[in-house]
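S.K.: In case you want the letters, here they are:
2 protein chains.
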Amino acid sequence: MISEKLSQATRNMQSSMIRELVSSTRDIPGLISFAGGFPSPKTFPRETLGRLYANVIENEGECVLQYGASEGDNMLKEELLKWEGYSLPHEQILITAGATNAIFYMTLALVEKGDVIICEAPSFLGSLVAFDAVGAELIPVDLDREGIDLAGLQSAVQKVTAEGKKIKFIYTIPDFHNPSGITMSYQRRRDLVKYALSMQIPILEDNPYSRLRFSGTALPTLFRIAHDEFQNTEIVTEIVSFSKILGPGMRLAFAKGSPILIERMCSWQQKINIAPDNISQRVAARFLAEGHMGPHLEKICSFYAPYLEAMLTAMSRYLPPYVQYTKPEGGIFTWVWLPEDMSADELFERAKAEKISFIPGSKFYPVGKEKFNCLRLNFTFSTPEQIEQGIKSLGKLISDFYA
Amino acid sequence: MISEKLSQATRNMQSSMIRELVSSTRDIPGLISFAGGFPSPKTFPRETLGRLYANVIENEGECVLQYGASEGDNMLKEELLKWEGYSLPHEQILITAGATNAIFYMTLALVEKGDVIICEAPSFLGSLVAFDAVGAELIPVDLDREGIDLAGLQSAVQKVTAEGKKIKFIYTIPDFHNPSGITMSYQRRRDLVKYALSMQIPILEDNPYSRLRFSGTALPTLFRIAHDEFQNTEIVTEIVSFSKILGPGMRLAFAKGSPILIERMCSWQQKINIAPDNISQRVAARFLAEGHMGPHLEKICSFYAPYLEAMLTAMSRYLPPYVQYTKPEGGIFTWVWLPEDMSADELFERAKAEKISFIPGSKFYPVGKEKFNCLRLNFTFSTPEQIEQGIKSLGKLISDFYA
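One line per chain: the protein sequences are A and B, in this order. So the mapping is simple: our numbering equals the position in the first sequence, first residue as 1, plus 1. So the mapping is simple: our numbering equals the position in the second sequence, first residue as 1, plus 1.
It is worth saying that the hints were derived from the structure and are not from the lab. Careful: at least some of the hints might be erroneous.
Repeated chains share a single entry, so a pair holds when one copy, or any two copies, can fit it.
Straight-line Cα separation of at most 30 Å, DSBU-like style, residue types lysine-lysine; simulated pairs [said to hold, decoys possible]:
(1) Lys328 - Lys353
(2) Lys328 - Lys195
(3) Lys195 - Lys114
(4) Lys114 - Lys167
(5) Lys166 - Lys114
(6) Lys300 - Lys83
(7) Lys160 - Lys372
(8) Lys160 - Lys195
(9) Lys300 - Lys328
(10) Lys353 - Lys397
Produce the entire structure from the sequences given, and follow the hints as far as they go.
M.R.: Below, the structure is given as structure tokens:
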């Protein structure tokens, strides 16, 4: 009975294929997984968090166990502003139950069925299926080694505009991009912000990974460039997640952007979640206030650096020379380009038989616009030893592909 | 710039007027408030929760700080089934970030712009604005002393169906109804479930208050009646909130219902929140597993009982005889009917001048279908002494209304 009553959007809704792929390999004993996007549980600051949760409930329980403001905890906002070094009004910040949550609110606030969101190709599947569920048409623009291809972006904008469609925003992950591992160059960032300003197209900057930099020099976020160099705090909405730096179980992220947009996103939050978890918010505020974030981030980065090194060393040693891949300085993913006629979806099945898993690249493109000769490798879940062994086997599978 | 890009639903979105009313009186010193719907912070089991949060992070941190399942924590589901005494498959339960969250997912799963939701009049404003934001047309059906008026319901269903509109569900709060304080009679419950089954119209049973019964005999929920008497677990989706029995800051609720609907609600949860807060979920599971819930509920009920008594005593003593009101045996609200030509919106302004606040009843009706001679009184926020004093003043204001 209920099946006949489902809304159109619900009937057509795509599921996250990644989830199904991951669960199709979950029960393989001895599996070496490069598939997930989970942080290592060893990086969770359990001792500090355990103490903070207990303290916050003991000392501030009457407040944090009560309903909180839909806008988020003001104490956390203060600490976030100090941490990031901005002096913005609280009206330009919204705390949400994770980054996906903030992305969904922004999409609901702006997108009408048939409106266009320009995304990078490849891009984060979780966002693509959410955009799709709200009714957006996704227009992918290729990435090059410096990030989103600006000429491609401009011609996409022209084409879509000529068709009379409305572009609601550009969705980008400039730092340690998921899934490609690419970090947008400074020049590309500046040019992108300048172009967006000239065309008045909002940017959604998804930033889950920028603090996970193990080497090299950090680049300013798009929000920072708009703020510092163009005195604009409205064209870019930056969404920063705590999932990779504290723990995804806490469901915490924050968005900074135009006060009008933030207010409307907050209105959706009021209807959908009422408010984010008050306890986690206050714990994160105390974590920042007590000065744990800096040392903790250094610790996580030192922890992950050998994982990345193991991955890059194994890739250079074991992957055939005709295979290309990105060499990130942080984050949690690398990306592999196979020869054009080689399908990573097919490779996935062969790898599964060898107890190795990854995500075929095709899953990171809008439906109907897939590329098949690519794959994503996560390097923060398996141990460095497993990484070496897994990439060795994967190299052999690729070499044997045509056999 | 961003204003022009907002989606239609976002432009038209109603805000919760209650929030604005509450904030219009927030800074009045010495205010006696009957306005909010907050539980008393004195009922939060802080000591137990503080210990459980610390333990859960210490002993299960690697698990609870990680991403959780979109369906919710299986351990919590087990405990919920034991607590409520059901043997349902986990596929019929979804854990969410509060009841509003579950209500929103169910609405997204079923409602298309123009579809009808039948609601009680008056009803919980938070749900009405969420239904409206998804594009539902709200058809209100009056309440009598036994709950939703079945003849009214039947004629509403006939009328709407004749107009060719689709009814997606009936929204009801059978226990200690918000805002009216009415508890649906057993006979009415049974008749409602039977009618819904005969017409195949789903019911959304919103249950935040049924465990807050201070006297009298508990009645089976609609879900229970459908389950026990009609062997049906699909027609009713029951949503139980932890906000009034543990603490709203934790953002926890759960829905039970049709596996198809629960699966689709879970798909929306995956796109909107990924998963509920893992830590709060496990803490709630341990709270139940360690047997705290029973004694805790007894404690809350004994705590609130004198508040309700103070309210009913003051109402019988100080309100003019031509004023009618409900006499609930639990929950957190009572409801007052003024003479037909007396506006509670006007009374609100006069009461504010006397440092008393409540919510005018008109705020609990769909836009354009308001009744103005009614008001909601919360009795769990102000002390029994304040309740006596506040109702005395309110009685005088009502008596003086025509002066």
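S.K.: Taking the hints in turn, state whether each one holds.
M.R.: How the hints compare with the structure:
{"no.": "1", "hint": "Lys328 - Lys353", "in the structure": "within (25 Å within a copy, 65 Å between copies)"}
{"no.": "2", "hint": "Lys328 - Lys195", "in the structure": "within (27 Å within a copy, 64 Å between copies)"}
{"no.": "3", "hint": "Lys195 - Lys114", "in the structure": "within (28 Å within a copy, 38 Å between copies)"}
{"no.": "4", "hint": "Lys114 - Lys167", "in the structure": "both (10 Å within a copy, 21 Å between copies)"}
{"no.": "5", "hint": "Lys166 - Lys114", "in the structure": "both (11 Å within a copy, 22 Å between copies)"}
{"no.": "6", "hint": "Lys300 - Lys83", "in the structure": "within (21 Å within a copy, 42 Å between copies)"}
{"no.": "7", "hint": "Lys160 - Lys372", "in the structure": "within (22 Å within a copy, 52 Å between copies)"}
{"no.": "8", "hint": "Lys160 - Lys195", "in the structure": "within (20 Å within a copy, 56 Å between copies)"}
{"no.": "9", "hint": "Lys300 - Lys328", "in the structure": "within (21 Å within a copy, 59 Å between copies)"}
{"no.": "10", "hint": "Lys353 - Lys397", "in the structure": "within (14 Å within a copy, 78 Å between copies)"}
In summary, the structure agrees with every hint in the numbered list given earlier.
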